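Student: Model the placement of chain B on the given structure of chain A, informed by the hints.
One letter stands for each residue in the lines below.
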Amino acid sequence: MSSTRNYHFPQWILHAAALLPGIILAFYTLFGHPINPIQTLERRSGDIALVLLLTSLACTPLRILTRQSLFSRLRRPLGLYAFAYAALHFLLFIGLDYGFQLKEAIRQLIQNVYLWAGLAALLILLALALTSSKRSQMVLKKNWQRLHRLVYLAGLLVVLHFGLSVKGSFFQLRGQIQWPLIALIVLLVLLAIRLPIFRRRFSSKK
Amino acid sequence: MHSQNLKQEITPEKLYFSRRKFIALAGSLGVAAALAACGIRPQTETSTQSPVSATAAGSDPLTPYDTITHYNNFYEFAYDKESVAAKAADFVTTPWTVEVSGLVEKPLKISVSDLLKSFPAEERIYRLRCVEGWSMVIPWNGFSLNKLLSLVTILPEARYVKFTTLDDPTVFPNESDTFFTWPYTEGLRLDEAQHDLTLLATGLYGKPLPPQDGAPIRLVVPWKYGFKSIKSIQKIELVSEQPATFWNNSAPDEYGFYSNVNPDVPHPRWSQATERRIGELERRPTLQFNGYADQVASLYAGMDLKVNY
Chain A
411 MSSTRNYHFP QWILHAAALL PGIILAFYTL FGHPINPIQT LERRSGDIAL VLLLTSLACT
471 PLRILTRQSL FSRLRRPLGL YAFAYAALHF LLFIGLDYGF QLKEAIRQLI QNVYLWAGLA
531 ALLILLALAL TSSKRSQMVL KKNWQRLHRL VYLAGLLVVL HFGLSVKGSF FQLRGQIQWP
591 LIALIVLLVL LAIRLPIFRR RFSSKK
Chain B
13 MHSQNLKQEI TPEKLYFSRR KFIALAGSLG VAAALAACGI RPQTETSTQS PVSATAAGSD
73 PLTPYDTITH YNNFYEFAYD KESVAAKAAD FVTTPWTVEV SGLVEKPLKI SVSDLLKSFP
133 AEERIYRLRC VEGWSMVIPW NGFSLNKLLS LVTILPEARY VKFTTLDDPT VFPNESDTFF
193 TWPYTEGLRL DEAQHDLTLL ATGLYGKPLP PQDGAPIRLV VPWKYGFKSI KSIQKIELVS
253 EQPATFWNNS APDEYGFYSN VNPDVPHPRW SQATERRIGE LERRPTLQFN GYADQVASLY
313 AGMDLKVNY
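Chains as they are written, first to last, in this note's numbering: chain A, 411 to 616; chain B, 13 to 321.
Extracted from the complex, chain B is given alone in its bound form:
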């Protein structure tokens, strides 16, 4: 009995292959009670057939927790993906306050713990496609960004959302590297930000986000290349003009504002036609909008995606 518990602690991801077991675990942790208290019922077997989960990642197996947490592009800490985890280990992310401001009626400053009380985390299994040509399947926990945006009453002039992380070289050592423009910023068009798939993630595999994965709160936009999904967000601003983004500043001809996953638009360094799923040997074809075309293609109707890359 004891050894069984221990085993579960070591390899909790195994639980996630079964939704039923997840619900059981959530219940045992009192999460279900918390959800019920907020008038939100935990997802049941049938609700996994909802558009979000059903098409989220198909039947692809999940990438192991250990891989997701030891292969990170988090340039504030290190440029080598496999050394980020160790360098981020001392990154303190509690308490953490997120500010929502700009073209809104009711600007807001809210702690991540209060956010989670207002919007209990749900599980979203998304594919993550890195611009470098590798991909993972990640069970995030979080809530739609739109829920947070609905709290502040957006003014009609607002057309874009700008995200900014912490600007502090004592916390993020590479922010003193002058070859980049810090802090990391990202942006979405307002309708992209309000799309239900656009997630503010606070956890993965049912655990709080570890520092190297963007604790305590990060963006996840599954139909765009991974770098759009900014980590450790501190400020969310509603703005009228398209905001500058970190990678757009670094190499404008390579990283456009939209950066939608698109196998037909090559990057100057990487043909984007194929990708390697981490853990697999052979490359697999990359899907339009990373496989989320059904849900998001309409956002770009009439746009030339080769120009608006």
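So that you can see chain A by itself, here it is in the shape it has in the complex:
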């Protein structure tokens, strides 16, 4: 429809930016003497995964707003990094925190709704990561897009996971909920820009 501008963007900048928080976290854990390193690793890896997922979800709205195709090319690697940090977050929980004592970890899982939400989001991201290649896109055709729309659901589940994991009551807006609330607002704004009604407004401007 409308012409898109096209910049060359060196991919290594993206890789460096996505890996940097993980490297900082690793250094802090090893040399920064955190008092409860396992809790620090668990929480911060989750934070990084959430931010990368939101960044990945921001690509399409940014493309719509700026008509800059660069953002479309950032979407997949950012999504894959989000999945990688989410997988690390999960492995830290099951492996480091629970020492692969599956019985204890499963008991935790059954008892806690926020863990269901996190696990469901992780499984969605896994399915999307496995079908992220160009080849899958061609094989799955129309179903590929249907499948990958689940990323919105994953975003909502991750925010729910975060919101229910902090102290207080997320649904009653009580407690330590500022950051999950900010994440929810960002997510809803990003989703809103994709709605056809907004999309048309932005693309009709010139």
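In case anyone wonders, no lab produced these hints; they're calculated from the structure. These numbers come from a predicted model, not from an experiment. Each residue gets a CB set at the ideal place from its N, CA and C atoms; glycine is no exception. It is possible that part of the hints are untrue.
The following label-pair restraints were derived from C-beta to C-beta distances [said to hold, decoys possible]: (1) A:Ile520 / B:Asp92: 27 to 37 Å; (2) B:Asp179 / A:Leu598: 33 to 43 Å; (3) A:Gln521 / B:Asp126: 46 to 56 Å; (4) B:Pro107 / A:Leu583: 52 to 62 Å; (5) A:Phe510 / B:Ser123: 48 to 58 Å; (6) A:Ala427 / B:Ser123: 54 to 64 Å; (7) A:Ser543 / B:Glu292: 37 to 47 Å; (8) A:Gln521 / B:Arg201: 19 to 29 Å; (9) A:Ala530 / B:Asp316: 27 to 37 Å.
Take a look, some chain A residues computed to stay more than 12 Å from chain B by CB distance [unchecked claim]: (10) Ala427; (11) Leu506; (12) Leu529; (13) Val561.
Tutor: Okay, now just chain B, sitting in the frame of chain A:
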């Protein structure tokens, strides 16, 4: 000689692994003389076999002073445990007056320094179990809350004790956060408050409480989750109805009034079956009443602890 003294100043906690050395230190500081003047003799080797100390924390090693003072849930200052110490550094806690009022015959306002003259601090080594699933072993200094309560003559209608901290956003910056109901309040049933294990702590590792640990005076209820042990207490009121508490206001379905440590009652966010002792890698099983069942289980005889969580 000089370097040895210096070393002691840097790592005083080492002294605490030996009760005998502690007594020696206390003596050298003139504490023993002060205790003697009040007609209270410092604890001797044999008195460590008393019910309180012997079962206090078993043979578990103490959590280092530096850890206890740099990993704090003190929401008035910060929601991140590791940044509380820096943010609380300028918290002025002297002079400080504690008010005991409500359903009492003789209401009382007393400064913390006068309190300590009346009730010299004794050492209590308690396990601390946080609802988040971590734990520490802390050598507190303080006195049983019951000693203070005995001064005011409690009226028969009093059934609960309500504790309140300072209500001042200029001192506690997060008290302007509208997602919570401030100031922090806590409550105990009267018999819980009068239990000998229930401590008003004014120090740890033999030093005055640092601001981030709830200076100048805080509650320590070792068989309940840590959040029950309210910090920087300003008001203690005897009341007839179960008082509202900070966390109960924030999430009633998660934090009950009793909040006794109980591995069989999961929290909506954290299974409470296990815990991680700070400094250890593996989780360890959580004990009923945090290991103080022998002393406190009788307080809850006949109660369904799954309902009264």
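Student: Run every hint past the structure and note whether it holds.
Tutor: Checked hints:
1. At roughly 29 Å, the beta carbons of Ile520 (chain A) and Asp92 (chain B) sit within the given window of 27 to 37 Å.
2. In this structure the supplied range 33 to 43 Å holds for Asp179 (chain B) paired with Leu598 (chain A), their Cβ-Cβ distance being about 35 Å.
3. The given range of 46 to 56 Å is respected by Gln521 (chain A) and Asp126 (chain B), whose C-beta atoms sit roughly 48 Å from each other.
4. Restraint check, Pro107 (chain B) to Leu583 (chain A): a C-beta distance of roughly 38 Å breaks the suggested window 52 to 62 Å.
5. Distance hint check for Phe510 (chain A) and Ser123 (chain B): the Cβ-Cβ separation is about 54 Å, which falls inside the suggested range of 48 to 58 Å.
6. Distance hint check for Ala427 (chain A) and Ser123 (chain B): the Cβ-Cβ separation is about 56 Å, which falls inside the suggested range of 54 to 64 Å.
7. Distance hint check: the CB atoms of Ser543 (chain A) and Glu292 (chain B) are about 43 Å apart, consistent with the given range 37 to 47 Å.
8. One distance hint, 19 to 29 Å for the beta-carbon pair Gln521 (chain A) and Arg201 (chain B), holds here, with the actual separation near 28 Å.
9. Between Ala530 (chain A) and Asp316 (chain B) the CB atoms are about 33 Å apart, so this pair conforms to the stated range of 27 to 37 Å.
10. Every C-beta of chain B lies more than 12 Å from that of Ala427 (chain A), the closest at about 24 Å, which supports listing it as non-interface.
11. The beta carbon of Leu506 (chain A) sits about 8 Å from the closest Cβ of chain B, which is not more than 12 Å, so the claim that it is off the interface is violated.
12. The non-interface label for Leu529 (chain A) is consistent with chain B: the shortest C-beta to C-beta separation is roughly 15 Å, beyond 12 Å.
13. Every CB of chain B lies more than 12 Å from the CB of Val561 (chain A), the least distance being 26 Å, so the non-interface label holds.
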